[in-house]
Amino acid sequence: LAKTTQPISMDSYEGQEVNITCSHNNIATNDYITWYQQFPSQGPRFIIQGYKTKVTNEVASLFIPADRKSSTLSLPRVSLSDTAVYYCLVGDRTDDKIIFGKGTRLHILP
Amino acid sequence: EPEVTQTPSHQVTQMGQEVILRCVPISNHLYFYWYRQILGQKVEFLVSFYNNEISEKSEIFDDQFSVERPDGSNFTLKIRSTKLEDSAMYFCASSGPLAADSEQFFGPGTRLTVL
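Which chain is which? The protein sequence lines are Y and H, in order. Here this note's numbering is used: the first residue of the first sequence is 1, the next is one more, and so on. Here this note's numbering is used: the first residue of the second sequence is 1001, the next is one more, and so on.
Errors might be hidden in some of the hints.
[Said to hold, decoys possible] Chain Y residues, not near chain H, derived (Cβ > 12 Å throughout):
#1 Met10
#2 Ile20
#3 Ser23
#4 Ser41
#5 Arg45
#6 Thr53
#7 Thr56
#8 Leu80
#9 Thr83
#10 Ile99
#11 His107
[To be verified] Facing chain Y, a subset of chain H residues (Cβ under 7 Å, in silico):
#12 Phe1045
#13 Ala1100
#14 Glu1103
#15 Phe1106
#16 Gly1107
#17 Pro1108
#18 Gly1109
#19 Thr1113
Derived from the structure by calculation, the hints contain no laboratory data. Each residue gets a CB set at the ideal place from its N, CA and C atoms; glycine is no exception.
Work out the full structure: start from the sequences and follow the hints.
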């Protein structure tokens, strides 16, 4: 499993766009990049997954450069309820398990 | 929207007692998982289960732990003789029906407190 590095914490304000970058220099050809979100005292929740270029859904966008050694999760116009821990994960889609790191603790301020 | 459910939401037990944590995965999913999260720490993988057998387990999942799918809907985690350090949130997850359906759907968790 490729090692990932992401900021330990970030602060932002309501209404702002938040970008969380994750480094994964050793990403393998078969690996996908996946982001999960975890609110306090809840289970993690899948946000988005991509392989290359850009993926967008109703919650977020994921930008992946051509070399795939990093990725950026973009949350548009955040609200207080987006305060959570965000996990960047890299692995084969048939991996039998998720190995969570410490994630990025995002704190949205009013 | 289908969801994973877990019972109980909170379980308090005495050290040395057996506990069974229950999960109902999403109905058409075929891959099942247990994770735990000690307060303030990372989510840790315990075990994955497919086709009525364990497909992978972590070092944490020792002989004190077992999993079972007793019927077509439930997926259980048993801790045979609980220790203080087993106190944690335990999350069940499911995915599928295809192996490439990598999104795992997590339940709300069971908070286990061992006294």
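Against the structure, the hints come out as follows:
1. Met10: Holds, because the least Cβ-Cβ distance between Met10(Y) and chain H comes to about 18 Å, which exceeds 12 Å.
2. Ile20: 17 Å, holds
3. Ser23: At roughly 18 Å from the nearest Cβ of chain H, Ser23(Y) sits farther out than 12 Å, so the non-interface label holds.
4. Ser41: 7 Å, violated
5. Arg45: 7 Å, violated
6. Thr53: Its Cβ never comes within 12 Å of chain H, the nearest being 19 Å, so this holds.
7. Thr56: At roughly 16 Å from the nearest Cβ of chain H, Thr56(Y) sits farther out than 12 Å, so the non-interface label holds.
8. Leu80: It holds; Leu80(Y) is separated from chain H by about 21 Å at its closest Cβ, greater than 12 Å.
9. Thr83: 17 Å, holds
10. Ile99: 6 Å, violated
11. His107: His107(Y) clear of chain H: closest Cβ-Cβ about 16 Å, beyond 12 Å.
12. Phe1045: 4 Å, holds
13. Ala1100: 5 Å, holds
14. Glu1103: This interface hint holds because 4 Å falls under the 7 Å limit.
15. Phe1106: Since the shortest Cβ distance to chain Y is 3 Å, the answer is holds.
16. Gly1107: 6 Å, holds
17. Pro1108: Where the cut-off is 7 Å and the nearest Cβ of chain Y is about 6 Å from Pro1108(H), the hint holds.
18. Gly1109: 5 Å, holds
19. Thr1113: 14 Å, violated
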